[in-house]
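Q: Hey, can you work out the whole structure from these sequences and the hints?
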Amino acid sequence: MAKVLERKPLSFWERTYLPQIIGGLRITFVNMFRRKETLEYPEQRPQIPPGYRGAPTLVKDPNGREKCVSCQLCEFVCPPKAIRITPGAIPFDAPTAHVEKAPKEFDINMLRCIYCGLCEEVCPEEAIWLQDIYSLTGTSRGQLIHNKAKLYELGGTRPDTHYKWDKKLAAEKHHDESGAHH
Amino acid sequence: MQLLIYLVLHAIYALLVVVVLMSMCAYAVLAERKISSWIQNRVGPNRTQLPILAYLPVAGTILQRIGFSQPMADGLKFLFKEDVVPGHVKKFYYTLAPCLSLIAALLTCTVLPFGLWWNADGEHPLVLANLDIGLLFVLAISSLGVYGLVLAGWASNSKYPFLGGIRASAQLISYELAMGVALLPVFLWSSRPGVVSPLNLYYIVQSQNGLWLCLWQPISALVFLVCIFAETNRLPFDMAESETDLVGGFHTEYGSFKFGFFFIAEYAHMIVGSAVFVVLFLGGWNFLPGLPDPWPHNPLGSVMTIAWFLAKVVFFVFFFIWIRWTLPRFRYDQVMKLGWNVLLPLAVANFAAYLVFFALFPTI
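Each protein sequence line maps, in turn, to chains A and B.
Counted from 1, the first sequence has number 85 at position 85 by the numbering used here; the numbering is strictly sequential.
Counted from 1, the second sequence has number 323 at position 323 by the numbering used here; the numbering is strictly sequential.
There's no promise every hint is true.
[As the list claims (entries may be wrong)] Derived contacts from chain B toward chain A, CB cut-off under 10 Å, selection only:
1. Trp38
2. Asn41
3. Arg42
4. Leu222
5. Ile323
The set of hints was computed from the structure by calculation and includes no laboratory data.
Backbone N, C-alpha and C define an ideal beta-carbon position, used for all residues, glycine too.
A: Laid out in structure tokens, this is it:
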């Protein structure tokens, strides 16, 4: 059923459009004294929602161990090839020797990174995380290639729900102790 | 020698008036940005700081928040930016056009009285040139402002400015007619028997000692106000420079300092237009409709008359900005229809009505 909209003919005053203009002026005038929506950056920062894809960082687990094992999966999946890894070995006498590999050099070129998050998705160690860092500055191109130290500094520590290497070490010890006969 | 002193003093006087007008223009730009942002729920420019003023304890922060140093930053930007002249323009007229706009706007302010001063002979107006044909001079010179726009549109040798120039010239000449006819009742009142020179703007202000003209000639005031909006190319009659359909209109091809000239010329025209409206219809420096002269008759009183006059002009500049950010733009045919079909007959009918009124009551 069509609804018929009643359009009343305009009165004499309304046809001069003056009452409508004055009504509009009143609205804009009242608006001048309302609360302003502007966010005064940099004093006020925007609220970053969880899951925001900022700059990629490397994290340590709560025990202080660096989680990356330089498997180079992120280097292969990165679309603009921003990540360059040189894998290295963990010495036999270190407390984390069961992990066997750690990156000797880990460079992410922030001028190439497209913040897609594929490296975070593909990492099997949950070592690389895109955190809420949205403003990066540098005074030279070299400063915007984040090396391993900078990445760990930006990353900090994240809680770990798996502790897979500790569990593996505990299982090996248990296996060694229980199956000592072979 | 006397002539030299006279000339130097008057040159300083003129320079002072122009400096005040130009700084009012610069601050009108700031006012436009701030007021338009408040209307739109945002904060305007509030970050510019001068090296010294910024460190004053309370005043420094307030001045920064209201954007006090922003016009200086804008002026410096226009000065230092590279002035690119496109290859396809007619160079002489391209450079001449902004000058014409600014000259027309500034010349009009030479005959505007902006205050009073008193000496042993009585009271005199503070005005650069107390012309006896002041009103006619204002109308004539503001008509010359069209040339700046038309020349800019034509000399830019490109489609958008051409369209902007054509529209601007048609709009301006149409609304000048209605403006002139709307002023005729004012002229009727100011040329009543006993007045020496009816077109002198000082005597028009003096004739508003009782009721202000906007109160008992409201239709003339309204028509004149609408025509002033059209003359200064100000929304809702913005088509000459309508940013949404014509990129930049007549000032598309203009770069840093020449664009700054057009910008300043538009705001100067706006301020001078408001001042003309205040002088003609709002009683100039008269304090209130029934109370024209509470000012003390000494230099402090002069300063107070100037301040009250400027307060009214500033209110009208605010009104211009307020209307701009409230109303949508008229279409070209709507502008033409309004100018010729509505305002001109209304102004003529208004004039005829006041003719009859003054014929019936000649002793007012």
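Q: Now tell me, hint by hint, if it's right for this structure.
A: Going through the hints against the structure:
1. For the restraint placing tryptophan 38 of chain B at the interface with chain A, the shortest Cβ-Cβ distance is roughly 4 Å, inside the 10 Å limit, so the hint holds.
2. The interface hint given for asparagine 41 of chain B is met, as the beta carbon of that residue sits about 5 Å from the closest beta carbon of chain A, less than 10 Å.
3. With its C-beta approaching chain A no nearer than about 5 Å, arginine 42 of chain B sits inside the 10 Å limit, and its interface hint holds.
4. The beta carbon of leucine 222 of chain B is positioned within 10 Å of a beta carbon in chain A (closest approach about 8 Å), and the interface hint is therefore held.
5. For isoleucine 323 of chain B, the shortest C-beta to C-beta distance to chain A is roughly 7 Å, which falls under 10 Å, so the interface hint holds.
Going down the numbered hints, you'll see the structure goes against none, and every one checks out.
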